[in-house]
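**Student:** With the hints as constraints, model all of the structure from the sequences given.
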Amino acid sequence: MNKKLSGAKTVLVPITKVGKNYIPYVEDLKNRTIKYIDVVFTTYLPDTETLGVDTYTQTPYITLADTTGNSYVINNRPVYDFAYTMNCGIRPEVNTKLSLQNSFITNNDEGAVGKCYVLVFWYDLPEYSARNRKDVLITDYITVPVKNVLGNVLPNEERFTGKRFRYIWLSYAKTTPEGATGADQNETKYLYLTLQKGSYKVLDNVPLQLFWQLQMFDKMEFANIIFDMQNSYIKVGGAGKATPSGNSVFLNLVYEKE
Amino acid sequence: MYIAKNIDVVQFDLKQGQTEYYFPKNVSWANKKVDKIIVYDCYGTRFSLTETSPINGATLTKLYLLDYGGNTIYMDLYDTDNNTIVQKVALGQISSLNNNPLYVNNTVSLELSKLYFSTPVTEDASLLVYVFFDGEEQEELPPINKSITIGFSVPAGGKVSFQDLVDNYITLQPNKVKGLIAMYMSVKLQGGGRSAGFITLRDKAGKRVFNHVPTMFMRNNVNMGEQFGELVYGFTTQTNTFRFAPMDVDMLNSFITNRQSEDEQYTITFLY
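Chains A and B supply the protein sequences, listed in that same order.
Anchor point for the first sequence: position 65 equals 65 in the working numbering, and the numbering is continuous, going up by one each time.
Anchor point for the second sequence: position 196 equals 1196 in the working numbering, and the numbering is continuous, going up by one each time.
Since the hints were derived computationally from the structure, they do not count as laboratory data.
Hints are supplied without guarantee of correctness; some may be wrong.
Claimed, not checked - Simulated crosslink set (EDC-like; lysine to aspartate or glutamate; CA at most 20 Å straight-line):
no.: 1; chain 1: B; residue 1: K1005; chain 2: A; residue 2: D135
no.: 2; chain 1: A; residue 1: K257; chain 2: B; residue 2: D1079
no.: 3; chain 1: A; residue 1: K134; chain 2: B; residue 2: D1134
no.: 4; chain 1: A; residue 1: K134; chain 2: B; residue 2: E1139
no.: 5; chain 1: A; residue 1: K134; chain 2: B; residue 2: D1081
no.: 6; chain 1: A; residue 1: K134; chain 2: B; residue 2: E1136
no.: 7; chain 1: A; residue 1: K174; chain 2: B; residue 2: D1076
no.: 8; chain 1: B; residue 1: K1005; chain 2: B; residue 2: E1137
What the hints assert, rightly or not - Just some of the chain A residues that point at chain B, by a computed CB distance under 7 Å:
no.: 9; residue: V136
no.: 10; residue: I138
no.: 11; residue: D140
no.: 12; residue: Y141
no.: 13; residue: K174
no.: 14; residue: T175
no.: 15; residue: L214
no.: 16; residue: K219
Ideal Cβ positions, reconstructed from N, Cα and C, are used throughout, including at glycine.
**Tutor:** Put into C-alpha cells, the structure is as follows:
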C-alpha cells in the first residue's frame, strides 16, 4: 500500500454507554478508501464543549465494517493499537472502504460515558495531491499565533502559493525565530489544524499533536498535497473551555522546489 | 535507497552571547552535492555522562536538553546561487535522535548558510553536524556476501585502530566494506546499549571521506532497556542497516574513539 497521506477527517465518536457505540455516518468519507485511523486521547475537542476520552481504565476495542456492513475488516482490536503517538508512529493499515454506521467502539469504561473518542480517518485524496515531480525540496517554516478559539489563520505569504507539500513537522519551539514564545506540548494537545483548498477541507480538524513526530518510526509523508494558506487555520478545542494562550505554533513545511 | 559515499563532520563551537554560527569555508564538501544533513545529539547516548568531541575533545552539548531548556536552534541553508533551500528548520527535527535527515540534494553556499539560536547558550559547548555528500540513489542495495564481527573494549577517551582488532587474513583481502552495524554497552553498567563511539574509515585510494561517524548511526533497532530498575526508553536511530558505497578500507589507519567518560565495550560488524 502506498503510505503517503493526502486527506484526513476527524470524527468524534460519542460514548453513550458501556458496550457498542457506533461511529457516526460521515458523508465526506463515503466511498473513500480509508488508509489509516488514528485515535487521539485528549480532553478538549473541536467545536464542542463535550470532553474527550483522554484515558481509560478498561481496554476499549474498535470494530470496523466494510461497505457491505456485514463483514468486519477489523474485529475487536484494542483502540490503543491505533494511537499513533503511543506506538512510536506505527500505524496499522486499514486500506478499505468502510461502513461507518456499522462500525463501533466497544467501551468497557463507565468513566468514558458522556465523552467522545477522537478518530482521525486518513484517506486518499487524488483531487488535492499528486505524484512526486521533483527531487529537490525546500524546507520552510511558519509560525501561527494562537490568539483566538477559532480562525487562527496560517500566514498567507506569496512563497507558499501553489506549492505542493510533502512534510509538516511540529516543533515545541521555546522561542520562534521572530522572538515570540512558542506553544508547548501542553498547549498543543488542544489544537486542531485544518488545511483547506478553496472550500474543501483537505485535512479537517486534525489534532496538531500528530505532527510532532520526533522519534516516530513512520514519519508522515504527504502526497504533495495542495492547500491555501489563507483558508487554513488552527482552532482551539473545547469551544471556549480552553483559553488560547497567545503563544505561537511553529511548523516546518517541506515542499517541492519549482 | 540512498547509498552514502562520503560523510564529513562540522563542529560548531557555541559561545555565550552568540546567536549566529556560519558554516566554515574549508570543508571537504564545498561545491559538491550535499545529499543530507544530520545533527548529532549525544543526549541519545548515556543521559548523564559527558561526551566530548572526537575532533578536539571539546564538551558536546546535549541538543535535546538545550532545546527544551529554551535555546531553540534553527538552520538556514542557501544554494550556491544564493537561493534559499532551508529556512529555519528546527534542529531537533533533523537530529540523530529523530531518524529524519534533512534532505538537501544541492550544493550549499558556505557564505550564507548558518545556525541561528533564538536564545544564546549560557555556557560554551560544541555541536556536531554531519554532512553526507556525493552519494547516490540505487534501486537495490549491493548484496552482502559476508561479514566479520569483532568485540572489544575502548577505555574512556581512548582510541583503537581496527588493524589491532581485525584478523590479518581479512585485512589483506580486497575488503570492500559496504556497511557497518554497531552495538555497544557500558562495561560498568552492563546494559543500556546507548553509549557511543565515533568511527573513522580511511579509504586506501584516498578519495573517500568517512570522518568521526557516530556509532549511533549504525544501530538498526530501537533501543529499549532497563537500567537501575527503571524502564529507559530509547530513541530511534536508523530503521535500515547503515550502508555505503563499497570502500577498500585501510584498517591500519581506520579507528574508533570512545569520547565518553566511561570505558565502553563495542561489537562492530563489517558487512562485505
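**Student:** Each hint: holds or not?
**Tutor:** A quick look at each hint next to the structure:
1. Between the alpha carbons of K1005(B) and D135(A) the distance comes to roughly 19 Å, so the proposed pair stays at or under 20 Å and holds.
2. A hinted pair counts as satisfied when its Cα atoms are at most 20 Å apart, and K257(A) with D1079(B) qualifies at roughly 12 Å.
3. Using a Cα cut-off of 20 Å, the hinted pair K134(A) and D1134(B) holds, with the two alpha carbons roughly 18 Å apart.
4. Simply put, K134(A) and E1139(B) have alpha-carbon atoms about 17 Å apart, close enough for the 20 Å limit, and the pair holds.
5. Annotation: proposed proximity of K134(A) to D1081(B) holds, straight-line Cα distance about 18 Å (limit 20 Å).
6. Straight-line distance between C-alpha atoms of K134(A) and E1136(B) comes to about 16 Å, which keeps the hinted pair within the 20 Å bound.
7. With a CA separation close to 18 Å, the supplied pair K174(A) and D1076(B) stays within the 20 Å bound.
8. For the given pair, K1005(B) sits about 11 Å from E1137(B) by alpha-carbon distance, which is consistent with the 20 Å threshold.
9. Restraint check, V136(A) versus chain B: the minimum CB separation of about 5 Å is within 7 Å; hint holds.
10. Proximity of I138(A) to chain B holds as hinted, the smallest CB-CB distance being about 6 Å (cut-off 7 Å).
11. A distance limit of 7 Å between C-beta atoms decides the matter here; for D140(A) the minimum to chain B is near 5 Å, and the interface restraint holds.
12. The beta carbon of Y141(A) comes within 4 Å of a beta carbon in chain B, closer than 7 Å, and the hint placing it at the interface holds.
13. Proximity of K174(A) to chain B holds as hinted, the smallest CB-CB distance being about 4 Å (cut-off 7 Å).
14. For T175(A), the shortest C-beta to C-beta distance to chain B is roughly 4 Å, which falls under 7 Å, so the interface hint holds.
15. Annotation: L214(A) was flagged as interfacial toward chain B, and the flag holds, the nearest CB pair being 5 Å apart, inside 7 Å.
16. Annotation: K219(A) was flagged as interfacial toward chain B, and the flag holds, the nearest CB pair being 6 Å apart, inside 7 Å.
Of the numbered hints stated above, none is contradicted by the structure.
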